[in-house]
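Protein sequences appear in the order of chains A and B. Note that my numbering gives residue 1295 to position 40 of the first sequence, counting from 1, and the numbers run on in steps of one. Note that my numbering gives residue 1388 to position 133 of the second sequence, counting from 1, and the numbers run on in steps of one.
One or more of the hints may lead you astray.
No distinction is drawn between identical chains; accordingly, a pair holds when it is met within one copy or between any pair of copies.
[Unchecked claim] Derived lysine to any residue pairs resembling SDA-like cross-links, with alpha carbons at most 20 Å apart: (1) K1377 / N1405; (2) K1304 / A1286; (3) K1369 / L1285; (4) K1399 / H1375; (5) K1305 / D1365; (6) K1377 / S1414; (7) K1298 / K1377; (8) K1299 / G1323; (9) K1305 / F1434; (10) K1299 / D1279; (11) K1264 / V1330; (12) K1407 / Q1389; (13) K1437 / D1327; (14) K1299 / F1435; (15) K1298 / H1375; (16) K1267 / F1404; (17) K1290 / D1300; (18) K1264 / D1317; (19) K1290 / E1332; (20) K1403 / E1419; (21) K1377 / T1412; (22) K1290 / N1426; (23) K1407 / F1356; (24) K1305 / G1440; (25) K1267 / Q1368; (26) K1377 / K1403; (27) K1264 / S1386; (28) K1298 / T1281.
Derived from the structure by calculation, the hints contain no laboratory data.
2 protein chains.
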Amino acid sequence: MEKNSTNNKPRKRIALDMDEVIADVTPKFLAYYEKDLGAPISKKDFSGKKIYQLPGAAHIRDYLHEPGFFADLPVMENSREVVQWLLGHYDIFVVSAAMEFRNSLADKRDWMQKHFPFIHWKNIVFCGDKSIVQADYMIDDHVKNLEKFNGKGLLYTASHNIAETRFARANNWLEVRAFFEKEMG
Amino acid sequence: MEKNSTNNKPRKRIALDMDEVIADVTPKFLAYYEKDLGAPISKKDFSGKKIYQLPGAAHIRDYLHEPGFFADLPVMENSREVVQWLLGHYDIFVVSAAMEFRNSLADKRDWMQKHFPFIHWKNIVFCGDKSIVQADYMIDDHVKNLEKFNGKGLLYTASHNIAETRFARANNWLEVRAFFEKEMG
C-alpha cells in the first residue's frame, strides 16, 4: 500500500467504475434508440431500468459488442477534476466489468489514456466479476457490484438504480467530492 | 463466494497467471532471438533472467506490444487438464498483468476462449498491478506478484525465477496438482 506523502498514513484505495460513472453511455444509447425506433426518447422514459429493457429496444445492448462503441464516449461532467483531487488523498484503481465485450478492451484502454492520462495503466483493471477486487471504497452504478463489496460503497446515480436505498448515493461528481471530504473528516 | 457442491464449504479462490504459467511464451522468444541475432539459443542460456536481458536482445520485449503476439502461444503442458481438475475444488480467476500491452487485451481474451473455454469470462481479469486481487492462492512466475499477495503463493518455475527460495514452487503442472492435493489434505 502506498504511503500518503503528507502524513505517512497508508493511503486508502478506491475502486472506480467506468461506464455511467466517468464515461457517459447515455447520449449514445439515446441516439441509437431514436435512429432504430424512429422516435426520440429522454432519460426519464427509462427511469428505473436500462434503455434496452424498453419494448423493442433489446437489440440496443448488442451495440456494446461493436468495435468503437466505447471509444468516443463523453467524460462525465466534473469527473476528471474530482478524480485528480481524489488522487491527492487516495489510491485509485479504475475497475471496469469489460470482459464480456472483447472489442471494448482496447477502446477502453485508449479512452483512459486519452481522458484520464494521470491514472497509470498499472491502476486499470478489466474484469468480469468485481468480487475479485480488494479496495476500501467502490464507486459504481451497479448495485450487484456494491452488494458483493466488503468496503464502503458509493452508488453513482443512473436510470436503472434510482429506486435503490441501501447505499450512500452520489447524483453527480460534486457529490462524490463532498462524500470523500466527509470521509476524511 | 461459491459453495462447494459436495460439502457446502465455501470454495477457496485461486488467482492464476497466464504468461509462462498456462501460456508458453518461450518458444516465440527463442524464435525471435534466432531470427534477429542470427544464432540459436536455448532456455539455459538465459537462466536467472529474461531473454531480453541478454546482450543485444533488449528489443525483443517490444514484440509484446504487437497485435497477434499473444494470439498463438502454445498451452503449457498439462495445464488444461490440471485446471479442469482444480475447477472441481476451487474457484479460479485467471489474472494477467496485461494492461501495459494495449494490443494484447483482445488476443488474450480470444486465447482464453479458445484454449480454456471452461473458464467463464466473468473469471478473467486483466490488470496492471496484481495487489488489487483478492484470492486465497496465487500461481505466478513473478516474485513481485507473490511478494504483495496476502494469500498463499505458488511460484511457477521460469528462467527468471530459478534462484528464488521464499515460495513454494512448481516446476510443471503435475507439481501444481500435487501441491493442491496436499493443500486439500
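A quick look at each hint next to the structure:
| no. | hint | verdict |
| --- | --- | --- |
| 1 | K1377 / N1405 | between (22 Å within a copy, 19 Å between copies) |
| 2 | K1304 / A1286 | within (17 Å within a copy, 53 Å between copies) |
| 3 | K1369 / L1285 | neither (24 Å within a copy, 35 Å between copies) |
| 4 | K1399 / H1375 | between (27 Å within a copy, 18 Å between copies) |
| 5 | K1305 / D1365 | neither (26 Å within a copy, 28 Å between copies) |
| 6 | K1377 / S1414 | neither (31 Å within a copy, 24 Å between copies) |
| 7 | K1298 / K1377 | neither (35 Å within a copy, 29 Å between copies) |
| 8 | K1299 / G1323 | neither (27 Å within a copy, 44 Å between copies) |
| 9 | K1305 / F1434 | neither (26 Å within a copy, 46 Å between copies) |
| 10 | K1299 / D1279 | within (16 Å within a copy, 51 Å between copies) |
| 11 | K1264 / V1330 | neither (32 Å within a copy, 44 Å between copies) |
| 12 | K1407 / Q1389 | both (11 Å within a copy, 16 Å between copies) |
| 13 | K1437 / D1327 | neither (33 Å within a copy, 51 Å between copies) |
| 14 | K1299 / F1435 | neither (28 Å within a copy, 53 Å between copies) |
| 15 | K1298 / H1375 | neither (33 Å within a copy, 33 Å between copies) |
| 16 | K1267 / F1404 | both (15 Å within a copy, 17 Å between copies) |
| 17 | K1290 / D1300 | within (16 Å within a copy, 61 Å between copies) |
| 18 | K1264 / D1317 | neither (45 Å within a copy, 38 Å between copies) |
| 19 | K1290 / E1332 | neither (25 Å within a copy, 51 Å between copies) |
| 20 | K1403 / E1419 | within (15 Å within a copy, 36 Å between copies) |
| 21 | K1377 / T1412 | neither (27 Å within a copy, 24 Å between copies) |
| 22 | K1290 / N1426 | neither (28 Å within a copy, 57 Å between copies) |
| 23 | K1407 / F1356 | neither (28 Å within a copy, 31 Å between copies) |
| 24 | K1305 / G1440 | neither (36 Å within a copy, 48 Å between copies) |
| 25 | K1267 / Q1368 | neither (23 Å within a copy, 35 Å between copies) |
| 26 | K1377 / K1403 | between (24 Å within a copy, 14 Å between copies) |
| 27 | K1264 / S1386 | between (26 Å within a copy, 18 Å between copies) |
| 28 | K1298 / T1281 | within (8 Å within a copy, 52 Å between copies) |
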